[in-house]
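S.K.: Sequence:
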Amino acid sequence: MNRLLRHLLFPDWLTRRRFPERVLERIEAAVAASERGHCAELRFAVEGALHPSHLMAAVTGRERALEVFSNLRIWDTAANNGVLIYLLLADRDVEIVADRGLNGLVQPAEWEAISREMEACFQRGEFEAGALLGIERVDGLLRQHFPGSGENPNELPDAPSVL
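Going by the working numbering, the sequence shown opens with residue 1, and the numbers climb by one from there.
I should point out that these hints are in silico values taken from the structure, not numbers from a laboratory. Just to be clear, a hint being listed does not mean it is correct.
[Said to hold, decoys possible] Restraint ranges, calculated between C-beta atoms of paired labels, are given here:
| id | residue 1 | residue 2 | range |
| --- | --- | --- | --- |
| 1 | Arg100 | Asn154 | 17 to 23 angstroms |
| 2 | Gly37 | Arg17 | 30 to 36 angstroms |
| 3 | Ala79 | Ala120 | 27 to 33 angstroms |
| 4 | Pro52 | Ala32 | 34 to 40 angstroms |
| 5 | Glu25 | Ala57 | 21 to 27 angstroms |
This structure is a prediction, so every number in the text was calculated from the model and none was measured. Using N, Cα and C, we set each Cβ at its ideal position, and we do this for glycine too.
Please work from the sequences and hints to get the whole structure.
M.R.: Okay, here's the thing in structure tokens:
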């Protein structure tokens, strides 16, 4: 019941306050800079609250992140190395979803550690810092496993998705 109320009462303006246009532009710039150093693709998505139908179906943050990963077509990269950083504000939950090209290269515990670092920033009200920290940490892993090598087409938009 608490989760249902938290989502139903979460105002849209709060997402915009925590992620105003200037912060979204900085996130976009950080993603673009990151992708110049590796040949993977990175997306950042933020969602204020879940739709009531998702709440009634008891959709978890992880399940929603997988749905967003699919909807944004992050799986549709040549090397299957797309990564989504998904933030569900009403639950204060960060989920990182990586495509199959990263399976076995990056352990789930590594993604989880990045998520927890970001969540700690968000709990302190440091939304821009938390987002940029997450991008920086994911960038480090992507540079390690998919270093840039010559031509690197941008397969996905760099702009964050506000859902």
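S.K.: Now look at each hint and say whether the structure bears it out.
M.R.: Comparing the hints with the structure gives:
Distance hint check for Arg100 and Asn154: the Cβ-Cβ separation is about 21 angstroms, which falls inside the suggested range of 17 to 23 angstroms. Separation of Gly37 from Arg17 is about 31 angstroms and conforms to the stated range, judged on CB atoms against 30 to 36 angstroms. Against the hinted window of 27 to 33 angstroms, the Cβ-Cβ separation of Ala79 and Ala120 comes to about 31 angstroms, which satisfies the hint. Checked against the given bound of 34 to 40 angstroms, the beta carbons of Pro52 and Ala32, roughly 35 angstroms apart, stay inside it.
As the Cβ distance of Glu25 to Ala57 is approximately 34 angstroms, the hint placing it in 21 to 27 angstroms is violated.
When each numbered hint is compared with the structure, a violation occurs for hint 5 only.
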